[in-house]
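J.: Assemble the whole structure, with the sequences as input and the hints as a guide.
Quick note, the sequences are listed as chains Y and D, same order. For the first sequence, the tail end lands on 655 under our numbering, and the numbers increase by one without skipping. For the second sequence, the tail end lands on 1310 under our numbering, and the numbers increase by one without skipping.
Any given hint might turn out to be false.
Dumping the calculated DSS-like pairs for lysine-lysine here, alpha-carbon to alpha-carbon at most 25 angstroms [unchecked claim]:
#1 Lys-106(Y) to Lys-898(D)
#2 Lys-761(D) to Lys-243(Y)
#3 Lys-761(D) to Lys-241(Y)
#4 Lys-106(Y) to Lys-761(D)
FYI, nobody ran anything at the bench for these hints, they're computed from the structure.
Number of protein chains: 2
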Amino acid sequence: MPATTQTPDTPQQRVARLRAAMREAGVDAVVVPTSDPHLSEYVPPRWQGREWLSGFKGSAGIVVVTDTFAGLWADSRYWSQAEAELAGSGIVLMRLGEDDVPPHPKWLAEHFASLGAPSEPEAAQGAASHTASPRARRVAVDAHVLSLNAERALTLALGAVNVVAVPPAGSVADAAATPTPNRSATDDAPTIVLDTTHDFFDAIWPGRAGLPAQPVYAHAAPYAGEPRAAKLAHIRAGMAKHKADVHLISTLDDLAWAFNLRGSDVDYNPVFLGHALIDQDHVTLFVADGTIDDALRAELASDGIAVGDYFALPQALAALPAGATLLIDPARVTVGGVADVPAAVHRVEAINPSTLLKSRKTDDDLAHVRATMANDGAALCEFFAWFDANQGKTPMTELTVDERLTAARARRPGFVGLSFPTIAGFNANGAMPHYRATPEAHSTIEGDGLLLIDSGGQYVGGTTDITRVVAVGTPTAAQKQDFTRVLKGMIALSQAIFPRGTPAPALDALARAPIWAGGADYGHGTGHGVGYFLNVHEGPQVISYRSPGNPNMAMEPGMITSNEPGIYRDGQWGVRIENLVANRPWQETALGEFLNFETLTLCPIDVRCIDLALMRPDEIAWLDAYHDKVREAIVPLVEPEVAAWVTSRTQPLAG
Amino acid sequence: MPATTQTPDTPQQRVARLRAAMREAGVDAVVVPTSDPHLSEYVPPRWQGREWLSGFKGSAGIVVVTDTFAGLWADSRYWSQAEAELAGSGIVLMRLGEDDVPPHPKWLAEHFASLGAPSEPEAAQGAASHTASPRARRVAVDAHVLSLNAERALTLALGAVNVVAVPPAGSVADAAATPTPNRSATDDAPTIVLDTTHDFFDAIWPGRAGLPAQPVYAHAAPYAGEPRAAKLAHIRAGMAKHKADVHLISTLDDLAWAFNLRGSDVDYNPVFLGHALIDQDHVTLFVADGTIDDALRAELASDGIAVGDYFALPQALAALPAGATLLIDPARVTVGGVADVPAAVHRVEAINPSTLLKSRKTDDDLAHVRATMANDGAALCEFFAWFDANQGKTPMTELTVDERLTAARARRPGFVGLSFPTIAGFNANGAMPHYRATPEAHSTIEGDGLLLIDSGGQYVGGTTDITRVVAVGTPTAAQKQDFTRVLKGMIALSQAIFPRGTPAPALDALARAPIWAGGADYGHGTGHGVGYFLNVHEGPQVISYRSPGNPNMAMEPGMITSNEPGIYRDGQWGVRIENLVANRPWQETALGEFLNFETLTLCPIDVRCIDLALMRPDEIAWLDAYHDKVREAIVPLVEPEVAAWVTSRTQPLAG
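T.: Next up, the structure:
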């Protein structure tokens, strides 16, 4: 197929083309989430249909289009950006979180209820490919970007009226012939059919990108950790626990970990597109043609791993024998991805064994991470030494921070790239937790206040993620109080000792209590799992009391988690202090096995921002010990003038 | 029907009679939970069928009987008791929590799977009243003691194989004619039918108790709080939120609260058996005949409340008009209780409005609680003063504690009864959180160690629940360390400040952190809601990270919760320190509305058990301020020698 050049059409024209396709297909509404067939956090261009359609560039948001309405559901982080980017598009910004804005499934249910049942001719009108029930309203979402869990949640939420799930492509069942409504019909509400059979973008998006297909490479010794054979044995042991014969992996960080491979198909995450099918005797890795060279293919073959074509997965699934038991993770495979599994194959649902295994870094992994943290800290100190020496002398903006800090990281051994886009926010910009300075909109750093920098790198020996807030000029007493409360929260969690297996969300209050005590709080979680030269956001553990605790969130030795409380004053300033911490065995006592945290991140915390009157002696002792460790690790890695800066910034506070 | 005297038959004979009734009904297994039609914590004798059948007297446990097996599922708290009480019964103790003991629904599913499908003649054999599917296994649970939520959980758990729910009595549908399996059938697994139509105990339990029917009385001014009309208006506002026309209440504390009535049908809880049906114009309270006298009936009538017979509820539900919307709480009504609701009535499920309202004590309620706490504390101090004066002089046992403490409470104004059975455990007995001394088995209090006393009273002005641990002779250093860590946990939670609406489970770690830091933990929750002259365990809030947080657990002003961390050393000693605390408004800041805790309980904490080296200055300051408050409240209420004891036990620790 010849390449088509991008047409300069407008969101209105694009929505109009989508509506035409909807009418053709007999669909009443289309939901466009921000998702891809691998349920990635950063979506490759091919699946950026939501952005293409609406013009909204934010990293999260859902577009819903009906024949009379188009809306973008986005949370408060994105409202000002979305307002600007949607201007003139005819697409309504639905401010998710405001009292009068229902979530999109509820909005759809109410919308259709207000319309009443379609008249029979109307419903029959364009239904070319489906025998619709005369009273059904059809809501389309592409099965290939919808996890099993997301499909169930959507079905349930649309269930405010009645719901019928349509089997995805590949199934022979007919929706209208086998309705399984989850509620009995009432007189007024039309049935809603969830139709997962359409990917409208192929037809309406000229120049839609193809699959990314960058070269796949081995994560080589000594950094790769356990050999492939050992990892596969662990995965097979996990399958055996569920009495599964075969297991499908579709999430990219699971694949990268399991096979000691890396790639660059997705921004910031060193992963490659693929799926894997594993049984007791065979392993097939399905990747785009040409992404694995002959040498690597031979290496994989010697480990018993066959390479198949990315598009050959459906046939492989369709060929699974009757009576086999397939292990799938309903949060980590899509409806479309498993559509071709024969009905005679039993399905067992559980978290991917690799997701649990991957979260528990080995002692070797952690040794590499410690060395990486020293290098990353050295890069940060180089930047901060320059920053302090040049404050008030060299003009600098928030963009300067990203440029110089990224350059300092890039000079460090093992550096591969950033682990996420740098957040550098001065004063009011620091109050936006997901702020990103752009050439069009950014602040100059001058005068007095606080500069918040949240950044991280991908290195062959680990992934980093660190936030520091530093003084610019002279911070105010109120800024120091906020800084100190956040620091106390960060220290409280750093010092925690807890039973092995404690659900991570249960620890959240430890970081918040000192912040609550000052009449403050923050709207984000306190911690997320972090990969090993992998995704900077990785499951399963989350330190957030808003997360439903589940057994997979049990804290286990080797897990790496961020510790990042904050306080945000709208329009004024923001404080967040973030270290990465690893779960380590502490003691086994008569009452159980206990873990504590080893702080991995190595970079001074700006004591010029501390209100010492708020600090307890044990907190000061923690900070002094931390600064000793930082100084010892960083000084040998940097030039003398940076070493002098490190030494001056790590002097003890206690007598 | 003439009364039948209790027959001295054995558990074997009783199980045999149950099996005969099962065969007659075509039932393959019976599940007997510990529950009643009002889902009470303490079950009236009529519904103590599990105890009658098995001989096991514990407060929790589930019996399952098949034609070849009878087992009691009980958790570790009850293992030694159950072993003794089941001896010779032929009933197997299933140690719930051990790795190889599946929960009873899973056990049933596996049991039937191992048997395979019944042969057609076998299945047809005794099925007198049901047209069973040829391959179905029928599991019976009485719909009248099964909440909607419990039925769903059981259906799901049995769903390891296939499940069909039978409509309860009153429905015309036939189970075999309208199967709705939640999974497609596989080749091997038999269908399991959940049959909720049988209460076998009427037939097999000669002398089964009738309904309790003690007199109902008004909770009178000034203690009753808001008048009935105001409470009903609040409930109707709650119904309106869910667009409900009518609302059914079956839980006894909700009824008692809503109507300012109390009773004595249930041990320790001042409640009466009943249901209520509330619509916008009418209120009917369904209670046993003769329990409400004419004067009270007239008083209720003047508040617009009609009194109906307890047994007239099904007819009232059956008469609900088509199209009406009924609000029910799936955790607080039974399957049998709503069986007669016509299909044409819409159901809306949500927590009872009264459950939320009741949890938020008014300022007037709290004023009465404060006075009650002073009186309860005075009774405790009378006991402790006597106890300290007589240690080593007067022989005393754990039973003495209950006798003398209960007598001291009974002398206090407004005392009605105990709020739960007193727990008094010396040394090793204190390590059992639910220990209860009996005339047959109890310890003498002598020598050295720790005595744990957990007790509480019902007063017309409030419900109390307090745990203290006191020194007997000289406690060891290890005992003092445990005591001090528990105290630090209790103080940490007492000092917490938190955003209004924080889910109660999120606060749990604050009490645990100082205990975890010593390599210890405890297996129970940290706090439960407490009623106002009502149940000592009341929802919705629970401070336990193991509880699934839900929006109903949001901390709101006026809620009363226990704060009771502990440490238990098997076979050695136990420490638990418990105060009740109330949520109070603290401050409204730029970042939100914050609450703190007011400690309500007033009784000295035994400083002789404290290891001062473990205490921080702010913790000592908290304890000294608490003891000042205790002394000021109690001294005026007690005789001089008790006042002297209180004064000596509340001296400040800080210089």
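J.: Would you mind confirming whether the straight-line C-alpha gap from Lys-106(Y) to Lys-761(D) stays at or under 25 angstroms?
T.: Cα-Cα ~36 angstroms, so violated.
J.: Hint check: Lys-761(D) vs Lys-241(Y), CA-CA at most 25 angstroms. Holds or violated?
T.: 17 angstroms, holds
J.: Can you confirm whether the C-alpha distance between Lys-106(Y) and Lys-898(D) stays at or below 25 angstroms?
T.: Between Lys-106(Y) and Lys-898(D) the Cα gap is close to 17 angstroms, so the pair holds against 25 angstroms.
J.: Would you mind confirming whether the straight-line C-alpha gap from Lys-761(D) to Lys-243(Y) stays at or under 25 angstroms?
T.: Satisfied, since the Cα-Cα distance of roughly 16 angstroms is no more than 25 angstroms.
Checked against the numbered hints given earlier, this structure breaks only hint 4.
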